[in-house]
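Undergrad: Sequence:
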Amino acid sequence: MLQCLDLRGNSLNGSLPEQVEKLKNLKQVFLGENSLAGDIPSQVGHLASLSVLDLSRNALTGSIPPSLGNATKLEVVLLDHNRLLGEIPSSFSSLLFLSNLDVSFNNLSGRIPHLQRLITCDQFKGNNFLPPCPDPNSYSTTSLPIPLAVDQSPNRKTKLKRVVIATVVSASVIFLVLLLMVLLLVLGRRKLCRVASLRRKVVVTFTEVPKELNYDNVVKATGNFSIRHLIGTGGFGATYKAELAPGYIIAVKRLSIGRFQGVQQFDAEIRTLGRIRHKNLVTLIGYYTGEAEMFLIYNYLSGGNLETFIHDSSGNKNTKWPVIHKIALDIAQALAYLHYSCIPRIVHRDIKPSNILLDENLNAYLSDFGLARLLEVSETHATTDVAGTFGYVAPEYATTCRVTDKSDVYSFGIVLLELMSGKRSLDPSFSEYGNGFNIVAWAKLFNVEGHSSEFFSPELWEAGPRENLMGLLRLALDCTVESHSVRPSMRQVVDKLKALGVPES
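Each residue of the sequence shown is one higher than the one before, counting from 1 in our numbering.
It is worth saying that the hints were derived from the structure and are not from the lab. None of these values were measured; they are calculated from a predicted model. C-beta: ideal position from N, C-alpha, C; glycine also.
Computed spacing ranges between beta-carbons, pair by pair:
#, residue 1, residue 2, range
1, G304, N13, 21 to 27 angstroms
2, N318, S42, 50 to 56 angstroms
3, R402, K498, 29 to 35 angstroms
4, D39, E212, 43 to 49 angstroms
5, K211, S93, 44 to 50 angstroms
Straight-line alpha carbon distances no greater than 20 angstroms define the calculated PhoX-like cross-link-like pairs of lysine-lysine that follow:
#, residue 1, residue 2
6, K326, K498
7, K220, K125
8, K241, K211
9, K24, K73
10, K498, K320
11, K423, K444
12, K22, K73
13, K73, K27
14, K220, K241
My request is simple: use the sequences and hints to build the entire structure.
TA: In structure tokens form, the structure reads like this:
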């Protein structure tokens with residue numbers, strides 16, 4: 001029974017299938033940060049249990065289907081950064097639970113419908129044909145009271161004048177008092193708003209920084225999150241390079257707000273992550289959280305990521321044993337630290353080459369650690385959501401959503417296999433073996449047939465030492481066995497890697 005479909009950041013293309021309505025139990029759909037095109041099928045509105053719909057950062061066209069208003073349980077609808085046309089459906093007005101609607105950076109036109117809950121103007125920006133965002137504090141004036149008939153007989157005129165004078169004086173005094181109260185209230189609110197605004201602009205830091213960080217200078221340094229500064233994308237958000245001062249460069253991970261919004265313990269969890277320090281973990285410098293924006297700040301590493309290193313076709317990469325062994329040991333030590341030295345222990349849940357960064361000396365660092373933990377306290381995150389990336393997710397995790405430290409061990413084994421072979425976990429060349437054939441099956445095939453040398457990239461096998469390479473292959477296969485109880489722990493993996501050692505040159 002599929003309740004959560006999470007395929008963010010997987011370079012998917014093509015159009016959304018109309019048959020999606022057959023997934024009647026679907027509660028959450030995360031398809032952001034892909035290359036999906038075409039229209040949004042109206043059948044999506046037939047998903048009665050749907051609460052989260054994330055189609056952001058694709059190439060979707062056409063109009064927003066009014067049928068989405070029929071999905072009455074919708075809480076989050078993210079359609080930003082597409083090419084959508086037409087009006088925002090008036091049917092959205094009937095969605096009682098809709099608390100986050102983001103249609104920014106499209107080509108929408110027409111009027112902005114009245115929504116049941118307050119939505120910030122930032123979530124409509126980037127649509128040149130939409131009218132100015134309405135002031136959420138606007139109100140309509142009520143009609144004045146109808147005057148009562150007054151007795152005009154001569155014997156009551158004097159009394160009436162006195163009453164009128166007294167009433168006018170009293171009303172004037174009351175009016176002045178009310179006016180004074182309103183002025184004090186407005187001035188007080190402005191002061192509070194300024195204070196709140198300043199608080200919202202603050203970037204919390206965990207380390208000493210050469211320049212004071214705030215929301216404005218960080219966003220400006222990313223070119224307002226310009227694609228020119230983009231250095232990576234993933235399931236948790238996109239990462240941008242930002243130079244805050246000459247020689248001071250940081251990496252800013254802009255979180256997918258629809259995924260983290262509503263995390264009540266976000267600040268507490270991030271502050272916990274900010275205290276974690278290990279020589280092979282990317283340093284979390286600080287973070288910012290606001291109503292419409294959330295980002296993390298890390299130290300910038302100039303060597304790129306391991307995915308680029310493995311699949312570099314320029315011929316300049318260093319594929320000798322000492323480098324391969326050092327990278328493997330660095331990441332194993334980082335994972336062992338998360339599993340055994342953090343309280344509570346941290347299971348990464350998304351180990352893959354693009355989440356492993358390198359410095360100029362090819363030292364390896366693990367990034368995105370602890371982010372999956374944040375989702376466990378999210379109000380919009382179901383326990384059925386599978387964090388991770390296809391090709392790296394352990395078999396038991398993909399089917400039962402039960403995660404243990406052995407899930408990380410499996411993913412680490414996949415990374416080792418890629419590092420040795422130069423192949424991807426789901427390499428296109430595996431298609432000749434049939435559907436479902438991955439790098440684990442490919443490695444086993446050569447190992448069983450006694451042609452293990454053909455598994456390694458030619459330059460790595462030629463450089464040797466071959467005995468050490470075979471030891472690393474056996475370790476990778478141990479890490480990727482189907483039964484999680486048989487896999488080694490990360491402490492055992494570290495010990496085995498140290499035992500392999502670096503031979504004398």
